[in-house]
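A.B. asks: Listed in order, the protein sequences are those of chains P and V. Counting in this note's numbering, the first sequence runs without a single skipped number right up to 261 at its last residue. Counting in this note's numbering, the second sequence runs without a single skipped number right up to 471 at its last residue.
Simulated from the structure, these hints should not be mistaken for laboratory data. A few of these clues could be false.
Which residues of chain V face chain P? A few of them, derived with a C-beta cut under 7 Å, are [to be verified]:
(1) Val4
(2) Pro157
(3) Trp161
(4) Pro324
(5) Gly325
(6) Val445
(7) Gly448
Some chain V residues close to chain P (C-beta under 7 Å, calculated; not the full set) [what the hints assert, rightly or not]:
(8) Leu0
(9) Leu3
(10) Gln63
(11) Gln67
(12) Asp128
(13) Leu143
(14) Ile243
(15) Gln331
(16) Leu332
(17) Pro408
(18) Gly447
(19) Gly471
By construction, the Cβ of each residue, glycine as well, lies at the ideal position given by its N, Cα and C atoms.
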Amino acid sequence: MRRVRISLLAALTLLVLAIVLTLAQSPMSVAFSNKVADQEATVASTTHDATYCQADELLPVHTSAIRIWLDAAAGPHVDVVVFSGGRAITNGSRGSNWTGGSVTVPVKPLSRAVNGVTVCVSFHLRDETVLTQGSMTPAAFAAREGRRALAGRMWIEYLRPGSRSWASLVPEIVRHMSFGHAVAGTWIVYAILVLLIATTAVAANVILTELR
Amino acid sequence: MSPKKIVRRIPRAAWLCALVACLNAVCWSLLTPPFQATDEPDHFAYVKQLAETGSLPTSNSEQLSTEEEDVLIGLHNFQVRQQPQTRTIASQSEQGELQGVLAAVADLPKTGSPAAGLATLQPPLYYAIEAVPYALASAGSVLDRLQLMRLTSALFAGLTALFVFLFVREALPGEPWAWAVGGLAVALAPLLGFMSGAVNPDSLLFAVSAALFWALARAFRRGLSTLDATMVGGLMIVGFLTKVNFVGLVPGALLGLVISSVRAARISGRSAYRLLALAVGIAFSPVALYAGVNVLSGRRHPLGVVSLALNTAHASILSQLNYIWQLYLPRLPGMVNDFPGLFTTRQLWFNGYVGLYGWLDTPFPGWVDNVALIPAGAIALLCGRALFRERAVLASRAGELVVYAAMAIGLLVLVGADSFRAFPATDAEFAQARYLLPLLALFGAVLALAARGAGRRWGPVVGGVIVVLFLAHDVFSQLQVVARYYG
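Just chain V, same shape as in the assembly (with noise of 0.2 Å):
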């Protein structure tokens, strides 16, 4: 099948959740204010030094350029973030010494900013995408930049959510009405309008992850081809230029890739592996030519600066899978207690996506997450009972089951060791909810198999209800946001 007939196929209503994201994501987009979301002045500097330079940032210090930190100042960014007790500037003499601000540094020269902190480690795909609205928006202030950005990062949200409905129709293609609860829930999922709202490569990254997912379960449905080993091949690509993290999902994808050929091969002979070659060929070819850059140019690490983030522990393996589990999980009898105190998979995780936004400094009320705990039970128990109704699938699909678990375990694995660098002097740096949204795909599945689960009559009202949650969801976190920076 052509790409140009995949497109064609797609179904109206999946286009529809990729509007319905956009939408969410532009709406916090306008909500959120300008650089209150986490990281996002490192993500305009990378931007700022590839549009106005054409080269790479070269330091991770928090430096930036005169220009943004002059703004930042303008709208007391500074005394904001992380003091949830402060609200943004709110008088219109504030707001006329932040225009003189922005006229002020209208003047600089462009010179870009060698030191983008935090995003100075990530590859460079999406914000070379992002210097084109910035460029596009060079004639106005750092604020219009930011925001036309920020519009171009919605547009990833479109995009995933259009990729979970396309995943949730090749995973559970027995109940079409379903589709639609997966593609939908998502697009409204607050975390995922809150970051694709954001300048942050965690838009693109989600999009691509979704979209790996869907190409895989098409591989798995139809059986390996020419066009999905290229697709598999070339996402991988997309992936490894858009963000570190994606890494975590490469064991999986893989190992899905292995699978998939092997089951062709039983049909079309060995012809199958040159599938699996070309794939594997496409999705390297970035990283094997990065790799002979650096060497060649006589950087010490085949990885250059991405190596950086790429840092091996400081303890025993066994101390970091003891952490690992431990991030997630309830510890086992005879591990040594890394969190004491603390529930990691309610506290951490759950309650981080409930809600947490800006600069992890806007939750709900204690009370809201223990409430989100009903709905949550009740989602897991419908889902877990439509996977108990049809065990008899769940065991012939086993093979891909177990890549969609790898590819799901590759990413903890991943935040895990991540967050273990830092540990003990911070418990869980990388324990943010939002690391685990490129798993949104599987997201999709586990809401539209909840819906199944309430069985054929009712199936359809509670998935209406479902999305129905989602969007309070959304609404509810855009209103505390709304109170915390505004209120």
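Only chain P is shown next, with the shape it has when bound in the complex (with noise of 0.2 Å):
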């Protein structure tokens, strides 16, 4: 009994400085986008194999993830390789299974900033269909499938960590989540956080009564 008691303890105490630790940590900002909102185009479509490069991108400093509009229902393993005067300077990528309009691949950080980059996005597919979305752009300036331009560049956003920690974040996010719901307030973050200290509390009740 002493013996869980003790786990139980170090493991809860565990759990909240983990928790702790993530809260100390910066959510992703966008540093860079080449995203026009309003000029949203498919500018290649394919099932098969690909490797798309464009070049004239900028690289910010410490950029850890590429975003790329990708569109698929079951998305591909994705690597992005960054290309500065021929040489890769940094790369990454995503294992399968990602849904949706975009795939973030994390990249290793830069700590400078470089100018006129080309940046590839290769997959594999066999049938399934990949969109990639952007803005249309005459040839000279689209991206391109080996010597095939694309009917425009590819939306691309480079991510790094924000200035402010999810701490700091906190009042924001709480005001945030009072919108949408069938109650507005801030009074839902407030039973959130009951509801997940009583299960907690009852969970540790029921592993001090039983697990013995």
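Starting from the two chains in their separate frames, assemble the complex, guided by the hints.
C.D. replies: What follows is the structure in structure tokens.
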């Protein structure tokens, strides 16, 4: 019984510590984007393996993820490589089974911004359809698949950790959570907290009384 | 034993596990923005049609009612779902616009929603139950009705955890302390909380599936009685009327009835087969009735609209089996590769279980899936150790284990066959971990065994750690959802 009590206390302490550490982290924020909200167009559509490269991009300092506007029901494995002067300066990959209108690929951050880079995105497909969203442009400025120009430029966003921690964003998040529910108001956050504490308390009670 | 006696003998810990599951699902119901759970708009439309017109939806088009469509627009639902970079409404002015929409649609005539998208193909029981909270909140807004319906779903999470506890108690009676490990861990499973905190017939399906496992385990442990046969038959009725996926458990459950009645016949003679007939008769009576009505009303298929969900596949049995195998397991030599570059067991199912919420658009960062392999591996090792230590008992219960395996395989094959219908246009349409949650009872037993695998001395400690691990998974899943929608 004593062992169970000590281990439960230790495990719950670790959980609280993990939450505190998470709240001390900063969420990703968009450092640079070429997205133009009202110009969305499908610049490519494929059901087979493809590599699209887009020149004249800006890689902001400390970029740790690149979001590309690929649209798929169950997305394939995606590789991203960023080239500067013909040399790969960073890369990353994202496993398959992502879904929706964009895929975020973590990449190794650089300590400097690099202008004029080429971003190449590759994926392996068989039959499933992947659409690439972006803005229509003349062929000279468009992204390319080999020598072929796509119908425009892919939308790309460069993400890096923001300057504020999750903890400092809590008031904004609480306010945000008060909108769009059956009964508007910040009560919902307190209700969730109470439920979470009650759930933990009942579960701990069962552990202490049953696991002997 | 009478049903009353069974209820009175349910241990306090089982009720507390049910309470934990309910509280957790209620938490998820408040956390998940309205209509941001998979297919929730379609399920809401089905209930609306049933509650307002008393009839079933007739079209699987996505053209929902004006009332619902307007509210979805007011919530920016179409911009947010499957667009993980887009948050839900975040300002007083957007909230004001939403309130305006809610007020405007309140005056629309209540004429149901003949179209209910994907939900149209499903049987009506869950929706009929949800019609009650819908009607109770009919004076309120669409969001009030949705929230009350979500709270009703949360009750099914409680039932699921209760029956998982009871199943573990029947299946693994040796160490009573371990029952709570299975019950509590399942109660805290975030995917159960998320699905049961939304309007979705899966919540009832999980509960009835867990109950079926429990009833069969009872029949194996105590011998098939009239009560058990009636319960299994009755639960199969509820399952048939809840969701088409339940069909996957049926062959295994029938095998369970046959084996337990053969065993009972050794003691009580041929009368045991009457119990088998009783259970099967009860179970299939609604199917026969439904088919009869369809035949008499001149429909082309005896299963009516449900037949759309049971369409036969477009290729040979061999390619279908090949696909189904690879959907879950690594490809064997000689098989055509249906999932190039994809380790389905890991990427579709394991990662999908670790975390994929909302409209399957809210995952954890990739490193979390990797870290999750450590506790999963430890649980698998401990469970294996417990099974090895008790291998003599396993051999004596081979028939029962075959039944549980048949139920699991039946479900996997059903989900695989359904996914194959959309293949190759979509690789794995139904490769969603939630479709495996009807097997939560077995999952609970695996977790209880894992705790027992640590031995009598350390087992309770490991059991407690497993439960806290599930609690942590749940809390971080909720934080991930908060970050995605409100961050």
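A.B. asks: Each of the hints needs a verdict: does it hold here or not?
C.D. replies: Here is how each hint holds up against the structure:
no. : hint   : in the structure
1   : Val4   : holds, 5 Å
2   : Pro157 : violated, 15 Å
3   : Trp161 : holds, 5 Å
4   : Pro324 : holds, 6 Å
5   : Gly325 : holds, 5 Å
6   : Val445 : holds, 5 Å
7   : Gly448 : holds, 5 Å
8   : Leu0   : holds, 5 Å
9   : Leu3   : holds, 6 Å
10  : Gln63  : violated, 10 Å
11  : Gln67  : holds, 5 Å
12  : Asp128 : holds, 5 Å
13  : Leu143 : violated, 16 Å
14  : Ile243 : violated, 32 Å
15  : Gln331 : holds, 5 Å
16  : Leu332 : holds, 6 Å
17  : Pro408 : holds, 4 Å
18  : Gly447 : holds, 5 Å
19  : Gly471 : holds, 6 Å
Violated hints for the displayed structure, listed by number in ascending order: 2, 10, 13, 14.
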